[in-house]
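Asks: Below are the chains, spelled out letter by letter.
6 protein chains.
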Amino acid sequence: MATLGFIEYADSSPEVRAVYDDIMRTRNTDWINNFWKALAHDPASLRRTWQSVKEIMAPGALDPLAKEMSYLAVSASNQCGYCIASHTAAARKAGMTDSMLSELMAVVGMANESNRLASGYQVEIDEQFKPR
Amino acid sequence: MATLGFIEYADSSPEVRAVYDDIMRTRNTDWINNFWKALAHDPASLRRTWQSVKEIMAPGALDPLAKEMSYLAVSASNQCGYCIASHTAAARKAGMTDSMLSELMAVVGMANESNRLASGYQVEIDEQFKPR
Amino acid sequence: MATLGFIEYADSSPEVRAVYDDIMRTRNTDWINNFWKALAHDPASLRRTWQSVKEIMAPGALDPLAKEMSYLAVSASNQCGYCIASHTAAARKAGMTDSMLSELMAVVGMANESNRLASGYQVEIDEQFKPR
Amino acid sequence: MATLGFIEYADSSPEVRAVYDDIMRTRNTDWINNFWKALAHDPASLRRTWQSVKEIMAPGALDPLAKEMSYLAVSASNQCGYCIASHTAAARKAGMTDSMLSELMAVVGMANESNRLASGYQVEIDEQFKPR
Amino acid sequence: MATLGFIEYADSSPEVRAVYDDIMRTRNTDWINNFWKALAHDPASLRRTWQSVKEIMAPGALDPLAKEMSYLAVSASNQCGYCIASHTAAARKAGMTDSMLSELMAVVGMANESNRLASGYQVEIDEQFKPR
Amino acid sequence: MATLGFIEYADSSPEVRAVYDDIMRTRNTDWINNFWKALAHDPASLRRTWQSVKEIMAPGALDPLAKEMSYLAVSASNQCGYCIASHTAAARKAGMTDSMLSELMAVVGMANESNRLASGYQVEIDEQFKPR
Numbered sequence: 001m002a003t004l005g006f007i008e009y010a011d012s013s014p015e016v017r018a019v020y021d022d023i024m025r026t027r028n029t030d031w032i033n034n035f036w037k038a039l040a041h042d043p044a045s046l047r048r049t050w051q052s053v054k055e056i057m058a059p060g061a062l063d064p065l066a067k068e069m070s071y072l073a074v075s076a077s078n079q080c081g082y083c084i085a086s087h088t089a090a091a092r093k094a095g096m097t098d099s100m101l102s103e104l105m106a107v108v109g110m111a112n113e114s115n116r117l118a119s120g121y122q123v124e125i126d127e128q129f130k131p132r
Numbered sequence: 001m002a003t004l005g006f007i008e009y010a011d012s013s014p015e016v017r018a019v020y021d022d023i024m025r026t027r028n029t030d031w032i033n034n035f036w037k038a039l040a041h042d043p044a045s046l047r048r049t050w051q052s053v054k055e056i057m058a059p060g061a062l063d064p065l066a067k068e069m070s071y072l073a074v075s076a077s078n079q080c081g082y083c084i085a086s087h088t089a090a091a092r093k094a095g096m097t098d099s100m101l102s103e104l105m106a107v108v109g110m111a112n113e114s115n116r117l118a119s120g121y122q123v124e125i126d127e128q129f130k131p132r
Numbered sequence: 001m002a003t004l005g006f007i008e009y010a011d012s013s014p015e016v017r018a019v020y021d022d023i024m025r026t027r028n029t030d031w032i033n034n035f036w037k038a039l040a041h042d043p044a045s046l047r048r049t050w051q052s053v054k055e056i057m058a059p060g061a062l063d064p065l066a067k068e069m070s071y072l073a074v075s076a077s078n079q080c081g082y083c084i085a086s087h088t089a090a091a092r093k094a095g096m097t098d099s100m101l102s103e104l105m106a107v108v109g110m111a112n113e114s115n116r117l118a119s120g121y122q123v124e125i126d127e128q129f130k131p132r
Numbered sequence: 001m002a003t004l005g006f007i008e009y010a011d012s013s014p015e016v017r018a019v020y021d022d023i024m025r026t027r028n029t030d031w032i033n034n035f036w037k038a039l040a041h042d043p044a045s046l047r048r049t050w051q052s053v054k055e056i057m058a059p060g061a062l063d064p065l066a067k068e069m070s071y072l073a074v075s076a077s078n079q080c081g082y083c084i085a086s087h088t089a090a091a092r093k094a095g096m097t098d099s100m101l102s103e104l105m106a107v108v109g110m111a112n113e114s115n116r117l118a119s120g121y122q123v124e125i126d127e128q129f130k131p132r
Numbered sequence: 001m002a003t004l005g006f007i008e009y010a011d012s013s014p015e016v017r018a019v020y021d022d023i024m025r026t027r028n029t030d031w032i033n034n035f036w037k038a039l040a041h042d043p044a045s046l047r048r049t050w051q052s053v054k055e056i057m058a059p060g061a062l063d064p065l066a067k068e069m070s071y072l073a074v075s076a077s078n079q080c081g082y083c084i085a086s087h088t089a090a091a092r093k094a095g096m097t098d099s100m101l102s103e104l105m106a107v108v109g110m111a112n113e114s115n116r117l118a119s120g121y122q123v124e125i126d127e128q129f130k131p132r
Numbered sequence: 001m002a003t004l005g006f007i008e009y010a011d012s013s014p015e016v017r018a019v020y021d022d023i024m025r026t027r028n029t030d031w032i033n034n035f036w037k038a039l040a041h042d043p044a045s046l047r048r049t050w051q052s053v054k055e056i057m058a059p060g061a062l063d064p065l066a067k068e069m070s071y072l073a074v075s076a077s078n079q080c081g082y083c084i085a086s087h088t089a090a091a092r093k094a095g096m097t098d099s100m101l102s103e104l105m106a107v108v109g110m111a112n113e114s115n116r117l118a119s120g121y122q123v124e125i126d127e128q129f130k131p132r
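Sequence lines, in order, name chains A, B, C, D, E and F. Residue 123 in my numbering sits at position 123 of the first sequence, with consecutive numbering throughout. Residue 92 in my numbering sits at position 92 of the second sequence, with consecutive numbering throughout. Residue 72 in my numbering sits at position 72 of the third sequence, with consecutive numbering throughout. Residue 55 in my numbering sits at position 55 of the fourth sequence, with consecutive numbering throughout. Residue 22 in my numbering sits at position 22 of the fifth sequence, with consecutive numbering throughout. Residue 124 in my numbering sits at position 124 of the sixth sequence, with consecutive numbering throughout.
The reader is advised that the hints may include incorrect statements.
It does not matter which identical chain is meant; a pair holds if it fits inside one copy or across any two.
[To be verified] Below, a list of computed lysine to any residue pairs in the SDA-like style, where the Cα atoms sit at most 20 Å apart:
no., residue 1, residue 2
1, K54, A18
2, K54, A44
3, K93, R25
4, K54, P43
5, K130, G5
6, K54, R27
7, K93, K130
Just so you know, the hints here were simulated from the structure itself, not pulled from any lab data.
Please construct the entire structure, taking both the sequences and the accompanying hints into account.
Replies: This is the structure in C-alpha cells:
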C-alpha cells in the first residue's frame, strides 16, 4: 500500500482535514489521491508540500498546462511510476491531448539521449552559452 | 575540449558540412556549437541525431517554446551542465523570459522532490490513475 | 521472480551456504532475503558483495542506525523499489521510528529539489566551499 | 556565474533582505552563499525554498548532524557538484568528522551498487518487506 | 497497460504496419513487443525510433552482443524495469550466457559505486585523463 | 582538489602503499590516479574498493575490453565527469578505437532515450520477457 499506510478523510485530524479540503477545493475534485494520504502521517510535511505545490503550480508567467507538462516531463525522465500516472492525469485535465503527450515524450527521450552524448563526449560549454 | 576534439566547418567533409549547413539554416544562426562539432567524428551519428532533433523540435501540437522549455526541464533534472547552458540559450531565443525560467525551475525542483516522496513512501498508484 | 531465479538454502552449494549462514548470524535472522538468493548464481559476487556490505554497515564512526538511514535515503533518492522496501525494514530494526522515517523522507525530497535548483540555475561553487 | 547572476545583499530588495537576514541569523553566519543569491531573482522561490529548508533541517526526531549527513548522502548520490561542496561544509559545521565522512561515502557507494544489482537482476520484493 | 494502450498488428495503419514488418524481419521474430505497440499511436515517433535503433544496433565496430550488453548495462543502471526485461532477452538471443550476465551486473554495480565515490569526494580529473 | 586532499605515494603508510603497489603492478603503470589518492584517507575503503575493482575487472566470461566499455557506458549514462575521463582512458588502453567509442556512445544515448519512452508511456512488460 504505502510504508505507513493511508490516512483516509474520515479518520483525519482537523489539521490534516484542512489540507485535504484545500486540495479538493483548489483542484475541483471530490477525492484525495494516495500521495497525500501517505504523507498525512507527517502533518507538517503534508501541509508544507501542499503549500509548495499549490503555489508553484498556480498560473503565473507559465500557464497551468505548461507547468503540468513540465512536471510530467521530469517525472518521465526520473521514471517515477506513481508520478507519471498521476501527472499524466493532471496534465490531461489541464488540456493535454494525445498528440501533445506523444510530442512531449519525444522531447523527453531526445533530451535524455543528447544529455548523455554531451556528457559522454566530454563536450566543453561554448563561450556563447556561458552565463555572464 | 571533448574526447575526440572538434571538427570545424573549414575542416569538415562534404557529408558533415551538409549537416552543419542545415543546422545553421534551420536555426537561423551563423555558427555551430560544440555538441555537433564533437559528434561530427561519427558522421552517421551526427546526421541521425540532427535529423531526430530537427523533427522532434519542429512546431507541432506543441509550440517551439513549450518544447525548448521541456528540454531544459529534463536537462536541469538530469544535471547536464552542457545541456542546461545550451538549452537555456535556446529557450530564451524561443521566447522564455526570466520569470518563465524561474517558474520552470520551481516546477523541476518540486517534481524532483515529490518523485522521491512518492517512491520513498512506496505509494501505490490510485485506480483512477491507471491506464486502461 | 528474478532473472536467474533464486537459490534456496536447501539447494545451495557449500560456498553459498557459508555466506548464507554468515548473513543470518550477523543479522540475527533465520531467513535469507531474495536479493542474496538472486545473487547466489554468481558465488563470487555473492561473497564479495556480502563482505563489503558487512564491513561497511558495521558500527564505526557512524552507528548502525545512521548507516541504515543513509542507505535508505540513497535508495529512496534512486527510486529502487526493492531497496526501499528492504532497507525500510532494516532501518526500523535498527531503531528508526515513524517520525524519523518521515523526517528522513523530507530531507531526501528537499535535497533532490535543491540539487536541481543549484544545477538548473548553473550556480558556481563559493570559494568558501571549495576543498583546499 | 549563474544563469541570472547573483543578487548581493547591498542590492537586495527589502523582501529579499529579510530572507537573507533570517538565513544568517538561523545559521549563525555573516555571509550568504551563491545558491540563495541565484534564487533571489525570484523572491517567491527564495522565500518558499528557505522556509522549507529551515523547517526540514531544524532539530526534530533526527538531530541536525543526521539530517545534514543524509542531505550530503543524497547530493553525492545525485552527483550535484555545488550541493556536495556546500553540504560537506554544512555537515562538518554540524559535527561530521573525516571518519564519518568516509564511512558515509562508503554507504552511499554501496547503496548505489546494490540498488543496481537488485534492479538489474529483477529481484522481486520479499513478502516480509512489503508494507501492510 | 500503457498510457495510450497498444496498437495491434491487425488494427494497424499501413504506415505502422510497414514498421512492424521491418521490425519482425530485422529481428527474425513473429511478434511485436509492447514498446512498439505503445509508441505506434505516434507513427512519426515509431518510425524515427525504430530507424535509430535499427541503425545503432546493427553490426559495426562493435558486434551485436557487445551492443546489446551495453544497452542492458545502461538500462540496469537506470533501473528501467521494462528495458531490463526486454534487453535481457535481446542480449541472451545475441549470445549472452548466465556467466556473462553476472559479470556484466558486477561491472554495472561497481561503476555505480565508484561514480559516487569520485563525485562525493570531489575528485579532480588527472591531467593525464583530460581530452586534448 | 578533493574533499580530504590526496595522499601521495611518498607520504603513504605501509598499508596504503601496499595497495598503491598492487594497483601499479596490476595495471602495468607507474603512477596512481587521483581517485585512489582521494580514497586513501580511509585505508579500509581503499583496500576494499581496489580488491572489488581488481576482481570484477579481471578477464572472465567477458574480456577486459567488454568490461571497460560497459564501465564507460554506465559512467557516461550517469554523467560522472571524473569517471568518463578515467574510463575513456582505460577502455582505450584495453583496445577501444575511436569508432568503437562512437558506437558505444550511440548505444548509451539510445538506451537513455528508449528507457524514458518505455517508462513515460507506462509500458507493461510482455509475458515473453518476464523471468520465470
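Asks: Quick one: K93 to R25, C-alpha cut-off 20 Å, is that within a copy, between copies, both, or neither?
Replies: within (15 Å within a copy, 38 Å between copies)
Asks: Within a copy, between copies, both or neither: where do K130 and G5 come within 20 Å Cα-Cα?
Replies: between (47 Å within a copy, 11 Å between copies)
Asks: When Cα atoms must be at most 20 Å apart, do K54 and R27 count as within-copy, between-copy, both, or neither?
Replies: within (9 Å within a copy, 28 Å between copies)
Asks: Classify it for me, K54 with P43: is the Cα-Cα distance of at most 20 Å met within a copy, between copies, both or neither?
Replies: So K54 and P43 pass the 20 Å test inside a copy (16 Å) and across (16 Å) alike.
Asks: Go through the copies and call it for K54 and A18: within, between, both or neither, with a Cα cutoff of 20 Å.
Replies: within (14 Å within a copy, 23 Å between copies)
Asks: Measure nothing new, just compare the shortest in-copy and cross-copy C-alpha distances for K54 and A44 to 20 Å and report within, between, both or neither.
Replies: Intra 15 Å, inter 13 Å, cutoff 20 Å: intra and inter.
Asks: Treating 20 Å as the Cα threshold, decide for K93 and K130: within, between, both or neither.
Replies: For K93 and K130, only the inter-copy Cα distance (15 Å) is at most 20 Å; the intra-copy one is 38 Å.
The structure is consistent with each of the numbered hints, conforming to all of them.
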